[in-house]
Amino acid sequence: MADATGVAAAASSKDPAEGLAAVAALRALQESLEELQVVNARQHGWSWQQIAAVLQVSKQAVHQKYRRLGY
Amino acid sequence: MFEKFTAEARRTVVLAQEDARSRHQGQVRTENLLICLYDPPGAESVGAEVLTRAGLPRSEAAAAVQAIARTDPSGPDAQKLWRLGIDLDAVRSQAEEAFGPGALERTRAGRRRAREGHIPFDAAARTALELTLREALDLGHRHLGTEHLVLGLVRAEAGAAAHIMAAAGLTLDGLRAAVAELAPRR
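Chains A and B, in that order, give the protein sequences.
Take the first sequence: its position 28, counting from 1, is numbered 28 in the UniProt record's numbering, and each next residue is one higher.
Take the second sequence: its position 173, counting from 1, is numbered 173 in the UniProt record's numbering, and each next residue is one higher.
Since the hints were derived computationally from the structure, they do not count as laboratory data.
No incorrect hints appear here.
Here are some chain A residues pointing at chain B (derived, C-beta under 8 Å):
#	residue
1	A25
2	S32
3	L33
4	E35
5	N40
Where is the CB? At the ideal position from N, CA and C, for every residue including glycine.
Start from the sequences and build out the full structure, keeping to the hints where you can.
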């Protein structure tokens with residue numbers, strides 16, 4: 001893992017390839033975390049409406065995305 | 001360049017990617033290529049034959065590769081996220097505390113990452129592949145086989161494979177001679 005100096009250097013880097021790749025990695029991580037939380041909420045008996053409200057998205061969006069998981 | 005590879009050489013490259021993935025590396029390195037020359041067991045490549053006869057049998061190669069194994073447990077994504085100030089290992093351990101071991105990897109996005117995540121060749125491995133081509137050309141061979149890959153690996157001195165081979169007493173000249181001898185049989 002990079003040390004503090006490396007991070008500081010990277011943070012000030014304006015290389016688009018690095019920056020965009022980092023954002024893509026972040027999006028993938030966000031998707032994983034969202035799925036974990038949505039599945040957990042369903043297991044706790046939350047409705048799609050409740051989940052959507054807290055996620056701040058439409059009920060349709062969250063239902064469409066996750067209903068195939070069978071929750 | 002890959003279109004000139006023999007089926008066996010292509011298989012080795014594919015297996016090396018799998019090997020790197022299974023060792024949780026962020027990049028494919030020369031040692032992955034080296035060890036995969038011996039795979040699958042029972043159907044070793046021409047390159048593995050050359051190596052074995054030169055004094056580097058599978059068992060010794062495997063032990064040497066194991067000894068230098070460097071895993072990047074979090075893979076390439078961790079490095080990218082680190083640049084954003086996010087510690088993926090910390091996020092992962094939080095997720096696993098709440099949802100069990102491998103929680104992140106079990107999600108759809110996690111499985112997609114594992115399946116499609118392209119593992120690039122590191123600089124030494126790229127050099128080895130380039131030198132593989134050069135060695136085949138120099139020998140006047142029209143195919144790129146695992147025997148040429150052996151020569152490429154021993155010449156890519158920045159890679160661990162070259163060090164493993166040198167430590168076993170293998171030399172470029174010796175291997176070249178072995179490959180030249182072998183060729184007419186094909």
